[in-house]
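A.B. asks: Protein sequences appear in the order of chains A and B. For the record, in the first sequence the residue sitting at position 132 is 131 according to numbering that gives the first Met the number 0, with numbers rising by one throughout. For the record, in the second sequence the residue sitting at position 11 is 10 according to numbering that gives the first Met the number 0, with numbers rising by one throughout.
In short, the hints are calculated from the structure, not lab data. Do not rely on the hints blindly, as some may be mistaken.
Claimed, not checked - Heads up, incomplete: computed chain A residues facing chain B, CB under 10 Å, no partners named:
| no. | residue |
| --- | --- |
| 1 | Ile31 |
| 2 | Ile159 |
| 3 | Gly161 |
| 4 | Val174 |
| 5 | Ile176 |
Since the structure is predicted, the reported quantities are computational estimates derived from the model, not experimental observations. Note that the Cβ used here is the ideal one computed from N, Cα and C, for glycine as well.
Number of protein chains: 2
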Amino acid sequence: MAVSIALVHYPVKDKQGRIAATSITNFDIHDISRTARTYGLDQFYIINPMPSQKEFAGRIIRHWREGFGSLYNPSRGVALEIASVMDDLSQVMDDIRERTGGKGPVFVGTSARILPHTIRFEQLRDQIREGEQHFCLVFGTGWGLHPSLLGEIDLMLEPIRGVGDYNHLSVRAAVAIILDRLLG
Amino acid sequence: MAVSIALVHYPVKDKQGRIAATSITNFDIHDISRTARTYGLDQFYIINPMPSQKEFAGRIIRHWREGFGSLYNPSRGVALEIASVMDDLSQVMDDIRERTGGKGPVFVGTSARILPHTIRFEQLRDQIREGEQHFCLVFGTGWGLHPSLLGEIDLMLEPIRGVGDYNHLSVRAAVAIILDRLLG
Numbered sequence: 000m001a002v003s004i005a006l007v008h009y010p011v012k013d014k015q016g017r018i019a020a021t022s023i024t025n026f027d028i029h030d031i032s033r034t035a036r037t038y039g040l041d042q043f044y045i046i047n048p049m050p051s052q053k054e055f056a057g058r059i060i061r062h063w064r065e066g067f068g069s070l071y072n073p074s075r076g077v078a079l080e081i082a083s084v085m086d087d088l089s090q091v092m093d094d095i096r097e098r099t100g101g102k103g104p105v106f107v108g109t110s111a112r113i114l115p116h117t118i119r120f121e122q123l124r125d126q127i128r129e130g131e132q133h134f135c136l137v138f139g140t141g142w143g144l145h146p147s148l149l150g151e152i153d154l155m156l157e158p159i160r161g162v163g164d165y166n167h168l169s170v171r172a173a174v175a176i177i178l179d180r181l182l183g
Numbered sequence: 000m001a002v003s004i005a006l007v008h009y010p011v012k013d014k015q016g017r018i019a020a021t022s023i024t025n026f027d028i029h030d031i032s033r034t035a036r037t038y039g040l041d042q043f044y045i046i047n048p049m050p051s052q053k054e055f056a057g058r059i060i061r062h063w064r065e066g067f068g069s070l071y072n073p074s075r076g077v078a079l080e081i082a083s084v085m086d087d088l089s090q091v092m093d094d095i096r097e098r099t100g101g102k103g104p105v106f107v108g109t110s111a112r113i114l115p116h117t118i119r120f121e122q123l124r125d126q127i128r129e130g131e132q133h134f135c136l137v138f139g140t141g142w143g144l145h146p147s148l149l150g151e152i153d154l155m156l157e158p159i160r161g162v163g164d165y166n167h168l169s170v171r172a173a174v175a176i177i178l179d180r181l182l183g
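Using the sequences and the hints given, assemble the complete structure.
C.D. replies: Right under this line is the structure:
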């Protein structure tokens, strides 16, 4: 499977669109690891450059992979095997290059907004199936990916549209729907 | 839209398959309301007969619908307009009858297991489109719906299958994927 996920906590937008850093949440780690594992992904990168946040996420991951959690609920440990914390997308790039033996990933950004030049779900699904490139899907926390990150993004995926005007999915729900559309 | 959701906290299975009651979690209320609202559902029923739990959920819903939360993040209030707490499926039945002017819903159970006589996603999607019946999708927390509830269920939906053997989606992710497959 040549797909991974990156969940960005910095740089993201706050409510007013300014650059912000969000905190890692326990639920994101669990939900997204379980979804990613169910759809066969091999890596879930939690992007946060703050040392205290990296320590926090590392502690949760270790609890379920190696600590009491691994005995209480082994399937959580299996899910969290694919989770790791990185400073930024360039560390993700290095990690994927190391794993694939050279080639870097195509970074595919996600947004709830309708933007020009987005790739459609079916197109990306086909490209994933061709199997020639590694795709890393990039999700923003807070109010979405900050524009300063977009220089590192190769493609933007079309937004999920529901029924009607309301469109405020949680990032956990968006990850689930997007993985199902691309890989389900 | 003739679809609603019920999230059951009792009777569900615990880890050993015994009957259990789970606690309502803040994240479930928010995530599932937002997903349900995005897909145009008009009701999200939180099923829990325990008074302290009903009080807890009611407090969260009021905070975002009417309290400080409605000023801080109005889109949450809009999502939570569709959320309500009920004792059991028979209260849901009564509420839907009242709303539709007589006719009760078809209760569609969900499970991560492969069971006999399930309805396929495409079949249910077609039936929803026909628009003649109200469908209430029933999700279990904990380790899934307890068999004692199955007498109230009219149809079971086929499980979500990912890639490979691992299949431990959170209920929040399962709701998102199922609504997208049926209504997206």
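A.B. asks: Per the CB criterion, is A/Ile31 less than 10 Å away from chain B?
C.D. replies: This hint holds: A/Ile31 lies near chain B, its Cβ roughly 8 Å from the closest one there, short of 10 Å.
A.B. asks: Using 10 Å as the Cβ threshold, decide whether A/Ile176 counts as touching chain B.
C.D. replies: 5 Å, holds
A.B. asks: Can you verify the interface hint for A/Val174: is its Cβ closer than 10 Å to any Cβ in chain B?
C.D. replies: 8 Å, holds
A.B. asks: Is the hint on A/Ile159 kept, meaning its closest Cβ partner in chain B is under 10 Å away?
C.D. replies: OK, holds: A/Ile159 within 10 Å of chain B, min 7 Å.
A.B. asks: Answer holds if the nearest beta-carbon of chain B is closer than 10 Å to that of A/Gly161; otherwise answer violated.
C.D. replies: 4 Å, holds
When held up to the earlier numbered hints, the structure conflicts with none and fits them all.
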